[in-house]
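Peer 1: For the protein sequence lines, the chains are R and X, in the order given. In terms of this note's numbering, the first sequence has 508 at position 508, counting the first letter as 1, and numbering is strictly consecutive. For any residue, its number in this note's numbering is found by taking its place in the second sequence, counting from 1, and adding 629.
Mixed in with the good hints there might be a few duds.
Claimed, not checked - Lysine-lysine pairs mimicking DSSO-like chemistry, simulated, CA-CA at most 27 Å apart:
id	chain 1	residue 1	chain 2	residue 2
1	R	Lys544	R	Lys83
2	R	Lys519	R	Lys590
3	R	Lys590	R	Lys544
4	X	Lys947	R	Lys264
5	R	Lys264	X	Lys777
6	R	Lys569	R	Lys614
7	R	Lys544	R	Lys455
8	R	Lys264	X	Lys948
9	R	Lys455	R	Lys519
Derived from the structure by calculation, the hints contain no laboratory data.
The primary structure of each chain is shown beneath.
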Amino acid sequence: MASPRKTTDAPPMPCPVEEIEQAAVRFAGDSGDAMVLTGARFASASALAGNDVCTRPEFSAEIRAPAGTLPGVSGYQVHFSSKEIHTPGDLLHALFAMNPAALQAHLRDLPAGGLIVVNSDTFTPEEWVKAGFAANPLTDGSLAAYRVHALPMDRWTQEAVAALKLAPREAERCRSFTALGIACWLYDRPLDPTLKWIRTTFAKNPVMVDANTRALLAGRNFADQRGGFLKRYFVAKAPITPGKYRQISGHEATALGLIAAAQKAGRALVYPHFPSAPAGEIAQLLLGREGFDVRCVQAEDEPAAMSMAVGAAFSGGIGAVVTSGPGLSLASETLGLAVMMELPCVLIDVQRAGPSNGMPTKTEQSDLLAALFGRHGECPLVVLAPTTAAESFHSVYDAVRIAIRHMTPVIVLTDVALAASSETWQIPDVAALPPIEANLPREGAPFEPYGRDEKHVRSWAIPGMPNHEHRVGGLEKEDRTGHVSYDPANHEKLVNLRAAKIARIADDMPECVVDGPEKGELLVLGWGGTFGAIQAAARRVRRKGRDVAVAQLRCLHPLPKNLGSLLAKYRRILIPELNAGQLSLWIRAKLGVDSECLCNVQGRNFLVREIEAKIEEMLGRSASPTAPR
Amino acid sequence: MNELSLPMLAPEDFDTDQEVRWCPGCGDYSVLAQMKQVLAGTGVPREKIVIVSGIGCAGRVTYYLDAYGFHGVHGRAPAFATGIKLANPDLQVWVVLGDGDGLSAGANHLLHALRRNVDLKIVLVNNEVLGLARGQYSSTSRLGTRTKTSPEGSFETPLRAISVALAAEATFVARTLDVEANHLAETLRRAAAHKGGAFVEIYQNCKIYNDGVFEFATDRSTKADAAIFLEQGRPLLFGKDRNQGIRLSGFDPEVVEMNGAVPIDDLIMHDEKAEQPTLAFVLSRLTGPEFPECFGVFRNVSRPSFDEQVMGRITAAKKAGTPSLQALLDGDEAWTAE
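Could you put the whole structure together from the sequences, leaning on the hints where they help?
Peer 2: In structure tokens form, the structure reads like this:
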């Protein structure tokens, strides 16, 4: 293979390297620029370089928007750090923009002094106009506050692949690797993982292996020789527990959690999906996994999906659905039935901005109260919430484990941001995953369909088991026998039993753990996907010399047993949440504890600095350290 | 356990300790009795039989049959049953719907269960009225049916259950009626034997809210002229002396007198095995008083069932070797930190 490093330029001076703690880099371009792929490769290279990594894709609003327009822009943000991180980063260190529209769409997230790397070949008058610029932003001085590197990536790419005589469209497609080469040089990322990935991915097309390899190397070399960069950046390895790691998205973690749980339970995974986002995306990860006994069915509507899952649970399968937005409302009828029947099933709700169709691609935490209370009748069930993308695996796994052991539906509240973002995950040892046990009828013991064990759990008698024929239904059950009963005292007893069964689960759940001082002025209490931002904000505050306690809830119902006594150790509680104060309402109702809310309903996660500012404001307001109440 | 050692079941083996609480004279009693007969005779052990039902009078049947039973919410029985069958394809799964359940609240689920050809035995007990809701017209009530919500007679065009099932690509479609005990039992038996989704409509008399709606087909004086019992490979003849027939005039059916002028070959020959459901659909449209109504098997064709296809993939995948869960979790790009 000819080296693309053919230049008559004088050898450049080695570029100085500056070490930085962390950086967030965003790759943006037209959908044809494959920026999501480019970003994912950069993230992978960063992870393999030992950084902690968290990423977030930004898909274009339209499926096939016209090229060069703002709705056609998609992007991928990569946050890599020498410290533990769980957010895709607030402010960008660099923006890679493959066309004027990408620059226009993403510039607002780049602070003054930030790096802009653009493909200057796309900055033609026609393209600026489409992107809404009045003049060429590269020359009209409007970018003076930034460090701009306008690099002719198209020409560099063509030069790199010229010898291969590709069709113009094919040659153009290689430019994402040119951009990736530039980024890898700029942040001192190794190329080997990407080279290996190119060889595997394009194995059936050796010409494209060659072309993409040349483009990647050209990006690196030309950045070095002709990029005009005054320095490069280096992010050291993050301290990390020894073990095996990978990058994983919230969606991938969810799919793997379901498969792992069903396998550990030794049961079929029945996954009915109504084919919209996000259920369809999970289906794509589960289809083709028949070897793990995954049985998918594309349901005709959301109620059908939930009903199929509960039907599967009756006949001994692991029934799980994924839904979002109005899908949660549509599932509530069947969730009520599953509460009444006391059958195990799992609903994963990828929360998004609502009500109704709201903003389907934007994140929110506004389904908490719907998950807790959104069914008619006295209808308690378990509600879990993973705090990071990778933790979705463990949360979903636990949901299946709890559902089966306690014969109850479980709702897992994840969110759009969590589902799409990727981060570093320490891969668990399958053998060490907790066992998943069912309360099966005891051999030889007299069978009562609604008899209960010491945890108030009825046994799971599955069709196919002789001498355990019984009937379940939505009508109230007589205690023990399960016969239909309209007896008033029995109804009250059963309402209380179903509630006690769920409350009792707190005995088997981990207590809430505080990071920071174990008593004092302020506790920041979060739940679910705000964990990364809260944790990072606390770290920043501590670095400035003030201590602050933070805790994140993973189980919203039942609440951790120690939560009441824990909250009492702090004078004030701050609850940041992506809704109008739902956890705050729940905590006040359940524990009688007042809190201050930091609410955000803008369809995005918190920026670290927003929480940081609120913490500082609250700590600043307290003049002197005081004893806990 | 091999088949020879299976204990023979009697209909009484399906009795439960629950008191049957339908109104006196309700057609559901007959449906229950014949279901017990058929279930006892299929050779399937009780623990492998699941009865799924929805809301309505007929839905109560779940509590009166000592097998596994699932009494769901309104309309969704075909969806529950799909999940039940998918998680455990060894089960024989019966779905008992009313007209309010199957063709109103859950019409969508019924269509898709039939279209997928899930191996379910779907029994739609049709009394053309909402009984448990206490006497409103249903989506199958005939024009002019007087009910609490149609005091001057229903003016909504009713659905024909058989036409709907055929349009949904059902592979087995039949109609029978509550008082014809032998015909009812035989139809259910054939449904049980069918591999794939079987749909059986049962005309069932509601003594309280729609009494006598099917009298044309049950009364000895009118039955011969108002009902045709379909026979495979036989021409559509009816009447006391079998002197009337149905033939096609263009695309439309017409009644002809068999007075010697019309050759018998001109009549529609019933073929439940026909690949196209076209003629079956014509038969499903025959409604009184202009036409006799058809009973029997309209369609009986073979197509791979949904569950069979899903399980085929799983069996093939498992044959190819047991995949490693650890390898799945590791993915393609795992690395180790020392």
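Peer 1: Among the hints numbered above, which are violated by the structure, and what are their numbers in rising order?
Peer 2: Failing hints, ascending: 3, 5, 7, 9.
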